[in-house]
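Peer 1: So the chains spell out like this:
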Amino acid sequence: MSDSLDAYLILASLLFSIGSFGFLARRNAISMLMSIELMLNGVNLAIVAFGAFGVTPAGAQPLSAQGSVIALMVMAVAAAEATVGLAIVIAIYRNKKTPLVDEYDAMSR
Amino acid sequence: MTGLPLLSIITFLPLVGALAVAILPATMARGVALGFAVLALIASLFLLIGYLPGRPGFQYVESHSWIPAFGIGYKLGADGISVALVVLTTTLSAIAILASFKPIQTRIKEYMISFLVLEVGMIGVFLALDTFLFYIFWEIVLVPMYLIIGIWGGANRIYATIKFVLYTLVGSLLMLVAILATAYAYQADHAGSWIGAFDFEMLRAYATSPGFADGLQLAAFGAFFLAFAIKVPMFPFHTWLPDAHTEAPTAGSVILAAVMLKLGAYGFIRFALPLYPDAAATFAPVIIVLSLIAIIYGAIVALVQPDLKRLVAYSSVSHMGFVTLGIFVFTQQGLQGAILQMINHGLITGALFLLVGVIYERTHDRTIARMGGLAGRTPVWAAVFGFFVFASVGLPGLSGFVGEFLVLVGTFQANPGAAAVATFVMILAAGYLLYMYGRMVFGELSDFLTGLGNRLTDMTAVEILTLVPLATLVVIFGVQPGLLLNLFSGTVTETLDAVAPAAPIAIPDAAVIGGIVLLLAGIVARTGWVLLKPSRPVLQPEGGAAH
Amino acid sequence: MLQRSIPIILALAVVGLVMGVAAIMLVFLGQDWADALFWLLAAVMIGAGLLVVTMRDIIRCGLAMIVCFGALAGIYVLIGAPLLAAAQVIIYIGAISVLILFAIMLTQTKDAPSRLVFQTQAVPAAIASTVIAVVVALAIAATDWGELPERVRLATDAMSSVLFSDFVLPFEVVSVLLLAAVVGGVFLAKREPGGPS
Amino acid sequence: MDWDRLIPLIAILPLGGFAITALIGRRLGKQAHWIPVLAVFAVWLIAMATAYNSLTGAEPFGEHGYGATLFTWIPAGAFVVDVGFFVDNLTASLLIVVTTVGLLVHVYSIGYMRHDPGYWRFFAYLNLFMFSMLLLVLASDFLVVFVAWELVGLSSYLLIGFWYRKRSAALAAKKAFIVNRVGDVGFALGIMLIFVSLQTLNIQDVIHRVGTLPQTTIVVISLLIFAGAVGKSAQFPLHVWLPDAMEGPTPVSALIHAATMVNAGVYLMARSNPIFAHAPEAMVVVAAIGIFTAILAASIAMTQTDIKRVLAYSTLSQLGYMFAAFGVGAWTAAIFHLLAQGFTKGLLFLGSGSVIHAVHEEQDMRKMGGLARKIPITYATMLIGSLAMAGIPPLAGFFSKDEILGESLKLGFIWVWAVGFIVAGLTAFYMFRLVGMTFWGTFRGPKSVWDKIHESPSVMTIPLILLAIPTVLLGLFLGLPLGDSRIAHWLEPVFAEGLHILHGEAEPAYQLFGIDGVLILASVTIAVVGLAIGWRLFGVDIGRIRLPSRPERVRELSARVPFLYRASLNKWWFDDLNHLLFMVIGGRIAAAMWWFDREVVDGTVNAVGTATLGAGRGLRLVQTGRVQNYALGIAIGLIVMAGSYLLLAGR
Amino acid sequence: MSWQDLVVISPLIAGVLTAAAILIVDMIRPGSSTLAVGTSLIGLAITAGLTIMVSGTAFDGVYRADALTTFLDVLFIVIIAMTIVFGPDYLLPRGLPVAEFAALLVFAMTGAMLIAGSTDLLLLFLGLELMVLPGYLLAGFHKTDSYSTEGAIKYFLLGSFSSAIFLFGLAFVWGLTGTTRVDGIAQALAAVVAGTAPLSPGLAMGLAFLTTGVAFKIAAVPFHYWTPDAYQGSPTPITGYLSVLPKVGAFALILRLFVGALGPLAEFWLPVMIVLATVTMTLGNLVALTQDNVKRMLAYSSIAHTGYMLVGLAAWAAGPPEQSAGIEALLFYGVAYAFMNLGAFAVIAALQKRVGVTSGLTTFAGLGRREPWLGVLMTLFLLSLTGIPPTAGFFAKANIILAAVQVGGPLTILAVIVVLNAAIAAFYYLRVIVYMFMRDSASDAPAPKHGALMWGGLAAAAVLTIVLGLFPGGLLDAAATAAAAITTVSGT
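Protein chains in written order, with this note's numbering: chain U, 253 to 361; chain S, 11 to 557; chain E, -9 to 187; chain B, 38 to 688; chain H, 2 to 493.
Just so you know, not all the hints are guaranteed correct.
[As the list claims (entries may be wrong)] List time: in silico SDA-like cross-link candidates among lysine to any residue, alpha-carbon distance up to 25 Å:
(1) K180/E with A358/U
(2) K112/S with G367/H
(3) K354/H with A358/U
(4) K67/B with A393/S
(5) K348/U with E182/E
(6) K203/B with S456/S
(7) K203/B with G386/S
(8) K203/B with D468/S
(9) K180/E with M28/H
(10) K203/B with D457/S
(11) K349/U with M95/E
(12) K349/U with F92/E
(13) K348/U with L91/E
(14) K354/H with M359/U
(15) K348/U with D146/H
(16) K411/B with D578/B
(17) K349/U with R50/E
(18) K180/E with Y345/U
(19) K349/U with L91/E
(20) K349/U with E182/E
(21) K348/U with R181/E
(22) K180/E with A21/H
(23) K203/B with T467/S
(24) K180/E with S147/H
(25) K67/B with D468/S
(26) K349/U with S147/H
(27) K608/B with M339/B
(28) K180/E with P98/H
(29) K411/B with I502/B
(30) K180/E with Y148/H
(31) K67/B with P389/S
(32) K203/B with T377/S
To be clear, the hints were calculated from the coordinates, so they are not data collected in a lab.
Put together the whole structure using the sequences plus the hints.
Peer 2: Below is the structure:
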């Protein structure tokens, strides 16, 4: 079981879709941020799994190593996004006095 | 020819004028604009004199590579038709500018600039020998007219002008696709070399042999047809015209009627026929039927127009119907008559709009029913108006007659039935024009006009000055149409050789029945719609009607 | 009170179930412990994930997220990427989660936790995300990955060499990325003297 | 003499007169008449010279006339139209009438229009008309004829509407022009057909080569030309414009609507006679229409009370005679009648003008009576004219009308003869009804008017006298010797070819003491009968012969045939019919079409706009402003995308 | 990492250094806008110089400075320079710092340049992030304004959502091909096309996720929702930037990814592109018809323009890979679009110099009277957006259509759809002109004074708009070489 790529991939996709559900459903901006983090982790899991099980094409670096590095990059990107996102959340919170995204609808149509 | 790029000079003199107007103070705008318009006129007269009617092909050709990547060139050239139309354009532009000295009091600078740019576009269209360049000039014409109607126009001007631009744009954009597709077809057949793919002469040569593929011909001709039919305008694409005419300022209507409507007809003759002869032959019956409808229909609708300008506008629809009819019967007389009719219509309708403007200046009203007895109060105006009204009725001896009759003779050869139908419009034309003339000019002075008191003055010297040249030309071309006919007879023959229909064009019953069925279907459908919910003009920005 | 704790109960149920399965596998079926561990961690991760997106109190959501990431780290170890697991712990649990918790604190309104957890469109959202999950899962199942029979343990030195040979440029770019994020973030989060507090 | 220079002058001089007067006439004031009158006088001299030389067969005219090309008008490929003139005896005869009557009318107008503010305008128009009419007569090309055809229409329009302040005048002018146009359409189509089938429009070429065409084509051509003639000569059903045309000043009625323009139709058919000769079917139509118009107009003329309208209807009736004559093939007779009528009608109209002038612009005969004593010259001349109209020998009208009736009978058109015979009676009747009501009995107008009535100035009376001369003598001059008349000799070269085609062998010899004599007696008798009835009912007062008018008897008689009376009074309701057809129904159609244009054609355009905007309005609702809605949208998009990719992969 | 590598990526380094320099200068002399602008312009000039000079590949091929790179880089640099120039007139009255503004812009530019040059999935992704992250921040740059921040958070949330989607797809593609190199992927897919390897559902799904992610960045329907709100909310000069750089950058990504890597699968994703293009331009135009806020209207119009550019891509995908007309048209369109759009937004920014002036249509009423030059310039840009000759916008459209008709078949219909859309679009562009010239001004407030920078920038945009329309030859050749650089690669 723990030796099958599919298991890990499905797990990853589960995490991804849970995150997407959160993103679609939660009202609180920060909850949405967290959901995005979940999605990214799902992606990471998939990447690592591929790295662990994938066949390294001839002449390329070992896939596992590539995978880890890519995952690392993704983490960094996630961190950056979190920084930016939280900054924006705080800024809008100052204006609107609420973290609830569905009340940010001054602009529409 | 001389080394002097005469055509470029004619084309771009007004542009220089526009720049000059832009730089110089507004007080000088009128003078400068008129000056450059007259310069252009003089230059075009040089062209007229220098042009040698006998020779085939184009003269004064200027050809420079412009966008080598696609073989697009800056190529101008003149043949008989172009020469005639260019001179018409320059003349009427000068007159129109002169005529708008008094009426236009606000934003005179912008006005003159728009007008000169407009002139550039129109001349360019008539001289361009590169399909791409042609399209560019074609579109350039739109913008100034859009502004002229929209800024200096009447109450409902914004609706009118947007309708005008959008309507025209739909057609012309499809034409762009057609132009490009044609160019590619040429390129594909010349080992992927773009050289000559936009050059009219090359394309024409290719069109005569081996000729473009049927599918392309039909599609491309369809697109060209739409663009030109809207511009002419042919039934049922004509409804922008009455609005545009009614709302445009006097000079705008003049140019619109006198020159811009000719762009479409010119396009048919210059591009649509030579490039897609087979498709043209295929389409001809339909177009003839549409032209006949336009001729009769325009006249009938004109009979009940309460608004003077609208009446003239619908008469334009009717008269331009003769042009398209003459073009698509593919006979020497028909085509020559069509071109003659283009020029005559330009002179006569232009003059009519000028005269309407004269009265509008004084009364600020165009309702025929409120006029009456002008002959007593403004005899000169009444006389001149009468002159042009009869010219428009097609009175022999004035230019209007020759063109129409040639078209009819040409049509008769191709299809007597069509000629018979078209000839009946002689009655209707007399009907609506004389009704209007009698209503306005005869009888006792109407209460409305009496109310104006002495504000209702006769024509001023300037106004007369604007009309004298037109009247003279109308008489000259009426007595000596040969002056024009010989100018472009050669070109006409060339064009016809390209099309050369085997047999007289039989209008298939299918075309007629189809047309009628469509009309009826339209009536039924539309009536239903109207009954369901009354539709109002929507193309206008909210509150657009207001000043 | 009851439906308030439903998500928790649900999550615990999932966890318990899976742990039970794992226990059974271990004890009775004598399978190797890795599978069991996989199940365990997976269960914890999914359960925690569900809690993150369902719980009302956002602070608990944050905590649940930490749990979730922890479990994921475990899975990384299991899959043979211990270094990454470490990074996971450091970056996510260490940095991001804390950052988020701070943000939560900053944006807690007086009337928090708020009345409604979910959007009006929670149901369609659930459907949509389920469909995504199903589609992806089907695609995965239907695909022959030509994968190895068993997972490759990652050699740390290999990773470092890769990082500093092939991926040196991305590495540098990431630093720039973070720099930009920080610069902007600071500007945006900084309270304006004149601005509303 | 250099005819190539001289003959064009006939048309050019009036044109010049028109141009000058139109431009500077206003300043000339009451002297404005000089230029036009002198121009026309010069034209008269030239025309007379031309006519003389032509009729005497002098060179270059010879037997068959002389023509020359002046310049090419329209060069359009094969379609080449030359402007040129052609003068033969037919032209010559017309020239005589047109220029003579024209000149006299010009002179007459000097007096008649004296006090009109539009004095100069009037003379300008008159010259324009002279130019058009003479161009029509001289032209050597069908299209040029058509040009003149339209130009006379124009000048008629201008002159009918001369008193433009009168709404009725303006409307009458419009009506005249438009109704004429209806005929012109036919003419134009005929010209096209001629060109398409013969590749030329030169009249001489056409009439010589027309025989080569298929029969049907010729019939169609002749019918189309006939349509043009019907319009211009106001034959049924296009007769409605002529009575209204009396709204114009009386000299105009005399010149255009009696003596010259209305005869253009007959002239045109005579000019192109060989075409008709090839189309007997068409000839029958011509005869039928002509004789029907004759009786129709005569019947109406009997009850009209406006002096000029009576004359107008009599004009119609006489034109009907001419058409009938042409239809039966008595072409010489037709032209003879044309000439006779030209002078007679000119005389009568000018006379009526003098009368109207005398009673202060009153045209209603019921307000006249007993004027004979007050305006003797007018009376005398008009009496002569009326007798001529009635067909009393030896006046001009007698010869021409008698020849028409006789010919039609001899050529086997008994029905034409029969109707014509009745019409002759009616003519005599209504002419003397007119004379009786106007000149005899007692004056029925206001006393104040009666006192001021006086004879017109000599500038008006002299033309009357001058016109009376041909009215008396023309018949004797042209119509004798009977059966072999001078006019026949004149026109022989013109008609010989056509007549040969038509009748083949020469027609039977003239026998004074045979059938022809009987016919003469018959027509004289019927004329006398009609005249007598007229006298009986409306009185007479010639020297000894005196009878009182008997209005009550008139009422009684008319009450006896109420329908006929009302029909005659209401002109057989033709105006009402036209009004219904073209004003009411036509107006409805036009209005409907305009509705169609606004709602359907333009409405569709606007509907497209509405639809587009509507689509936009609908689609913008998607943009709710809620992030999650957007996200959901994206998610759905993602699902669709994945689905489609998987499908694509599946293929 | 060798010296050679550093030389090749020197433009990127220069970009980063410029950003840093701006910040440092600002620390030394806080709040000096002229200084900030000056520094950034100098830095950008240097960057441009380097870009034009260097060429070659670095880091064994993950970064290629080829013709395409140079073309796009120069475009990006000019865009950023213009945006910076337009900034102060709007920012200063609202007390917003120019330095951070400029720095963030330059960071974003570096990201775009990285995209233009990289041939490695991961690098592309990072470049994308580096391009958009500053974008999020800039959208919310007016942090005390609720609209600005609202736009920002919408942009950010959806943006990172799409990034996650993109990454997921990236993961699958990588996992299946075993490499992040564009050429490597191309080879692997070539095998698929050749039939030696199956086109597995996993791969298809990966591609779907990638497409979605990219479609979001170029604001293709139905992934466009963020555009109107973000554009309307952002400070106007930044809106101009947002409407141009991220879009063109994302198209650069598309070129590298879909043409470079997924080229072999062209006819596989072609149908999707055709549908995307049609839906995008139609919806964009239709909704734009109903907008009364010019910024929002231009947002929708920018969506429509995305559709037009996609037609170029579709034209390439439908034709033989070495026939690069479609790509050339796309590149040309990008350039033309950049300048006319920047110009239009710059005019709005200039109008909004006075704080409190909205971007509603009524703001433009009587502009032709109040500020004739602004009116004329706006007219020019709008006409160019409409596609009226002789402007860049016209030639760009013509070029797209030409590319489409060259392929023929369904693309001809697409071309017709394009022109019909152009006709629809004319209505709302002309409507602004109606307000400017045919309506009377609502307010009679005196026109604010505009800085020389603003005028300079506007002049530059206007000149470019006209010149590119009248003499497009040079740019055409450049685009041709640039396109060749990529199509030849994928052609093999």
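Peer 1: Could you run down the list of hints and mark each one as holding or not?
Peer 2: Against the structure, the hints come out as follows:
| no. | hint | verdict |
| --- | --- | --- |
| 1 | K180/E with A358/U | holds (24 Å) |
| 2 | K112/S with G367/H | holds (24 Å) |
| 3 | K354/H with A358/U | holds (23 Å) |
| 4 | K67/B with A393/S | holds (21 Å) |
| 5 | K348/U with E182/E | holds (15 Å) |
| 6 | K203/B with S456/S | holds (13 Å) |
| 7 | K203/B with G386/S | holds (12 Å) |
| 8 | K203/B with D468/S | holds (22 Å) |
| 9 | K180/E with M28/H | holds (16 Å) |
| 10 | K203/B with D457/S | holds (16 Å) |
| 11 | K349/U with M95/E | holds (14 Å) |
| 12 | K349/U with F92/E | holds (17 Å) |
| 13 | K348/U with L91/E | holds (20 Å) |
| 14 | K354/H with M359/U | holds (22 Å) |
| 15 | K348/U with D146/H | holds (10 Å) |
| 16 | K411/B with D578/B | holds (14 Å) |
| 17 | K349/U with R50/E | holds (22 Å) |
| 18 | K180/E with Y345/U | holds (13 Å) |
| 19 | K349/U with L91/E | holds (18 Å) |
| 20 | K349/U with E182/E | holds (16 Å) |
| 21 | K348/U with R181/E | holds (14 Å) |
| 22 | K180/E with A21/H | holds (19 Å) |
| 23 | K203/B with T467/S | holds (22 Å) |
| 24 | K180/E with S147/H | holds (16 Å) |
| 25 | K67/B with D468/S | holds (23 Å) |
| 26 | K349/U with S147/H | holds (10 Å) |
| 27 | K608/B with M339/B | holds (10 Å) |
| 28 | K180/E with P98/H | holds (13 Å) |
| 29 | K411/B with I502/B | holds (17 Å) |
| 30 | K180/E with Y148/H | holds (18 Å) |
| 31 | K67/B with P389/S | holds (19 Å) |
| 32 | K203/B with T377/S | holds (21 Å) |
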